[in-house]
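J.: Chains as they are written, first to last, in this note's numbering: chain D, 1 to 329; chain Z, 1001 to 1383; chain X, 2001 to 2312.
Hints were generated in silico from the structure; no laboratory data involved.
You may find that some hints are simply not true.
Stretch-level coverage of chain X by chain Z, calculated; a stretch enters the list once three of its residues show a Cβ under 8 Å from a Cβ in chain Z [what the hints assert, rightly or not]:
(1) 2051–2063
(2) 2103–2113
A few chain Z residues that don't get close to chain X, going by computed Cβ distances all over 10 Å [unchecked claim]:
(3) Val1014
(4) Asp1073
(5) Gly1154
(6) Phe1172
(7) Gly1189
The structure presented is a predicted model; accordingly, all values stated were derived computationally and were not measured.
Every residue gets a Cβ at the ideal spot worked out from N, C-alpha and C, and that includes glycine.
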Amino acid sequence: MRDEILVDIQHLSKLYPVETGFFTRTNLFVHAVSDLNLQIYRGESVGLVGESGCGKTTTGKLLVRLIDPTEGKIAFHAEDGVVDVATLRGKALKRFRRNVQMIFQDPYESLNPRMTIYDTVAEPLDVQGIGTLPEREERVAELLETVGLTPASSFMFRYPHELSGGQRQRVAIARALVVEPTFVVADEPTSMLDVSVRTGVMQLMQELADKLGVTYLYITHDLAVARYMCQRIAVMYLGKMVELAETEELLHHPQHPYTRALLSAVPVPDPTYKRKPMEIKGGISKPINPPPRCRFYERCPIADDFCRDNDHPPLEDKGGNHFVACYKV
Amino acid sequence: MARFVLRRLVRGAVALLLFQTLIFALVQALPYDFSAFFIVSPSLRAFIREELGLDRPLWEQYARWMWGFVRLDLGRSFLYWPAPVSRVILSRLPRTLLLFLPAAVLAYLFGIWLGKEIAWRRGGMLEVGASLFSVAAYTSFAPWLGFVLLNVFGWYLRWLPYQRLVNPNVWFNAPVTVDRVLIGLLGTGGGLFAGGLGLWWATRRITDPLLRRAARIGGLTALGVAAWMGWNASGIGPLAADVLAHLVLPLGTVFLLSFGETMMTMRAAMLDSLREDYVLTARAKGLPGRVIRDRHVARNAILPVLARLALSLPFVLVGSLVVERVFMWHAMGQALFDAIEFQDIPVILGILSVVGVLVLLAHIVLDVLYAWLDPRVRYPRGE
Amino acid sequence: MAAMVGVRRAWKQRMAAWQRRWGTEVGLFLRQPLALIGLALIGVFGLMALAHPVLMATVWNRARFDPIVGYDASQTPHPHPPTPQHLLGTDGFGRDVLSQLLVGTRVSFGVGLIAAAVAVLLSVLLGGTAGYFGGWADAALMGVADVFVLMPPPVVLLIFGLLLRLNWPMVALSYGVLSGLGAQAVVVKSHTLVLRNRSFIEAARLAGGGHFHILRKHILPGLMPLLAAHAVFTVVGAVLTESLLSFFSRTTYYLSWGSMIWMGQQSFRWFTLEGQWHVILPPAFALMGFCSAFYLVGRALDEVFNPRLRRV
Chain D
1 MRDEILVDIQ
11 HLSKLYPVET
21 GFFTRTNLFV
31 HAVSDLNLQI
41 YRGESVGLVG
51 ESGCGKTTTG
61 KLLVRLIDPT
71 EGKIAFHAED
81 GVVDVATLRG
91 KALKRFRRNV
101 QMIFQDPYES
111 LNPRMTIYDT
121 VAEPLDVQGI
131 GTLPEREERV
141 AELLETVGLT
151 PASSFMFRYP
161 HELSGGQRQR
171 VAIARALVVE
181 PTFVVADEPT
191 SMLDVSVRTG
201 VMQLMQELAD
211 KLGVTYLYIT
221 HDLAVARYMC
231 QRIAVMYLGK
241 MVELAETEEL
251 LHHPQHPYTR
261 ALLSAVPVPD
271 PTYKRKPMEI
281 KGGISKPINP
291 PPRCRFYERC
301 PIADDFCRDN
311 DHPPLEDKGG
321 NHFVACYKV
Chain Z
1001 MARFVLRRLV
1011 RGAVALLLFQ
1021 TLIFALVQAL
1031 PYDFSAFFIV
1041 SPSLRAFIRE
1051 ELGLDRPLWE
1061 QYARWMWGFV
1071 RLDLGRSFLY
1081 WPAPVSRVIL
1091 SRLPRTLLLF
1101 LPAAVLAYLF
1111 GIWLGKEIAW
1121 RRGGMLEVGA
1131 SLFSVAAYTS
1141 FAPWLGFVLL
1151 NVFGWYLRWL
1161 PYQRLVNPNV
1171 WFNAPVTVDR
1181 VLIGLLGTGG
1191 GLFAGGLGLW
1201 WATRRITDPL
1211 LRRAARIGGL
1221 TALGVAAWMG
1231 WNASGIGPLA
1241 ADVLAHLVLP
1251 LGTVFLLSFG
1261 ETMMTMRAAM
1271 LDSLREDYVL
1281 TARAKGLPGR
1291 VIRDRHVARN
1301 AILPVLARLA
1311 LSLPFVLVGS
1321 LVVERVFMWH
1331 AMGQALFDAI
1341 EFQDIPVILG
1351 ILSVVGVLVL
1361 LAHIVLDVLY
1371 AWLDPRVRYP
1381 RGE
Chain X
2001 MAAMVGVRRA
2011 WKQRMAAWQR
2021 RWGTEVGLFL
2031 RQPLALIGLA
2041 LIGVFGLMAL
2051 AHPVLMATVW
2061 NRARFDPIVG
2071 YDASQTPHPH
2081 PPTPQHLLGT
2091 DGFGRDVLSQ
2101 LLVGTRVSFG
2111 VGLIAAAVAV
2121 LLSVLLGGTA
2131 GYFGGWADAA
2141 LMGVADVFVL
2151 MPPPVVLLIF
2161 GLLLRLNWPM
2171 VALSYGVLSG
2181 LGAQAVVVKS
2191 HTLVLRNRSF
2201 IEAARLAGGG
2211 HFHILRKHIL
2221 PGLMPLLAAH
2231 AVFTVVGAVL
2241 TESLLSFFSR
2251 TTYYLSWGSM
2261 IWMGQQSFRW
2271 FTLEGQWHVI
2281 LPPAFALMGF
2291 CSAFYLVGRA
2301 LDEVFNPRLR
2311 RV
């Protein structure tokens, strides 16, 4: 299972122009995602972790082609052959949408308040022209029960404002799964929910992954969530991936100074536990035309002149599928 | 901020040029040429055609038209031949402004105040009554409302003079022209308005509410007395008083027509802003009701009201142009109707341009004001 | 999967859902006294518009009560104050004021509805396209709106009226064009922009929906409340402008409240110094009532669909 690649991301970049003058064309760009490489295998869950503004949501939207990449290739291995997500158009793009879905962060925003739950969940079927009306209704009812909205008949014709946040996110999950996708990007699906219902939604997503064989890219800023959900974790900083490893490996042997800093910020429920905190300076900024040096240079506690004078370090295998982008480790 | 203003000005200039182009296109689209309006001798018609440039190719007419607009040369009036259109309009502008500006300012101030009050005491007869009255006034037919006020207060009750700008008996052998007095009055009004604003600004740091109120009322009284004494000393006080007496009815009409819209907008904005959490915070802090209303709710509610002002301003202007006609207040509205009656095309197009420029100026000023008050507007989306 | 929802039963639940959804909003609307007053007035005017052909066919003698060419020789001089036969009296030409008033209602409804339809259609086309597609479409279309904003419909129409006399459908059409392409397009655009950036639009794109699907299923329903309010306010503006034009005789000759008021004012100068208030007051109050009714309904709609204005 581990060796069958589902998504192969090569040199993926997204640049946003910064608006400046009225007439002048800008040459300032925000490098939201730059030169990202990642292979996602069929059936696994990969966590994408980083501060807000580091480009993780942009990456997610690039993978499902909600935004067009500036550069790079995303090879998606569908059952009927490999497609390059970056250049899909028209019919092929519409077909691709059956294979890939996304769950959004805010369940209050991602459901149209003027549509019933049935209409929302059935929308992909409707647009893709899948099934007859009774078949769609049956499929939606079935799926609503699967995501724990039972009995389905009492939820189908309600409106989003009649549901709680957790229930809405379950509806969003049902909508994402209704076309039986193989790959789902989950963009912090639990971060807007009450703590009490988070675990429920996370458990549901895991069950569904096992049952339906869905592959997840799980975007989060919370390492604990990523640990619960994912087999591998990728850490992003200012549009660059800085570390990638198996979950337990990354959590126990973090190598990049940024990952170490992130981990030292996680509270440990043990008052006697002592650890040496990793201090980093300053706050995250926008990567507008970043200078050719390590992106983490300004905040890094172990950086030296070599880091300043050379381009951002490449991601290197440090053994055991543990990739780190740092000159100093 | 400077960049925002510059950007807005450029956008406005582009819009203005397009607007002029559209007027030109409309005139061209008409199925006849101007010279055919008059039954005159062929030689005179040829003269008119030449004067208007109708014998030139279309692109040259267009270039002349646009270049003329840029130089503020709008051609010559047919009716007041050979007076240039710009002079016909400019000579009437102070009279329109004397009616339009005070009416607009008073209507907005009153509308904002009343909207604030009825939103604060939501529900009950005051709200329904004030809403009904203001909506009825707002939707009244302008010429009819003027006509009723004129009949009731001018004709039956004889409280106020009606029709025309001045009473000829008072002005017999007057040492100055009417327009001179009008401009003086406009200046006085502007001065009083600016003085009032300055006073409010200067006294806003006085913490004791009683003292502040006393200072404000005292200051306003002093300003009023100063203006009154100034006019008395000038020797043309009675003349100014005559103009003011004639101003009351048309001004009242425009005021009645205009305040309702502002009031209803302010009321809605107040109710909107009353839902905000910071109002609850203010209540929890134990602030007195007046302070919550004025400092916390009304101040935030003002923003959407300002945004709507720009949209309602042209309608206040139209209202005052029509009311001028009813009260025979010889100003731009009267010039427009005269021009329409006598088919004085250059003046009509000139007035259309001036209205466009005034509306554009209002939009720009309010946009800039809005951006100044609410920094979120200044930045283009996505930043 | 026990709880299957059969297609046959589904419509009932859909109805119930609609009722739950719109029930609250209708309820909120009807709870406002001002909205009720407005609705009642619109109802009264609707009845008035319907009453005229019925009355002409049954009770009223065509020669005496025709709104344009009728003349009652039995009661002189004209204008004549109200009598049991002519409930609102007659005008300077001996025509029944009530009959004219009822015909004017029809014109006002016609003007208002045409103008509102045109304005809403154009503002959606212009503002919706600009807001949804952005970029060059936005810049170009908003350039158009910037220009139309500078043209207050009443002034522009007064001038049009000089050059080509307009009939009332043309007045309504022109008003709709001027206001739909101007201020309304700007407001529709900014609302579309807000809607477009919500993530349910992204979800719809992920579902495979094209622009047409998204515009039809998500943007347009989202704009509906705003458009309803705009339509109602356009009725007010269009009817007042039409009256202004017919008052100043800048239209082809047809009967409307504006021209009735003009006739009434003439009777003040021509016949008696005291004036004939019965000629001038009915159309003026009808106009005021008609416009106030629509204005109040518009404000109430605004209050219902703008959830933050709701009374808690």
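J.: For each hint, tell me whether it holds in the structure or not.
T.: Hint-by-hint comparison with the structure:
{"no.": "1", "hint": "2051–2063", "in the structure": "violated (count 0)"}
{"no.": "2", "hint": "2103–2113", "in the structure": "violated (count 0)"}
{"no.": "3", "hint": "Val1014", "in the structure": "violated (7 Å)"}
{"no.": "4", "hint": "Asp1073", "in the structure": "holds (20 Å)"}
{"no.": "5", "hint": "Gly1154", "in the structure": "holds (13 Å)"}
{"no.": "6", "hint": "Phe1172", "in the structure": "holds (27 Å)"}
{"no.": "7", "hint": "Gly1189", "in the structure": "holds (24 Å)"}
Checked against the numbered hints given earlier, this structure breaks hints 1, 2, 3; the rest are met.
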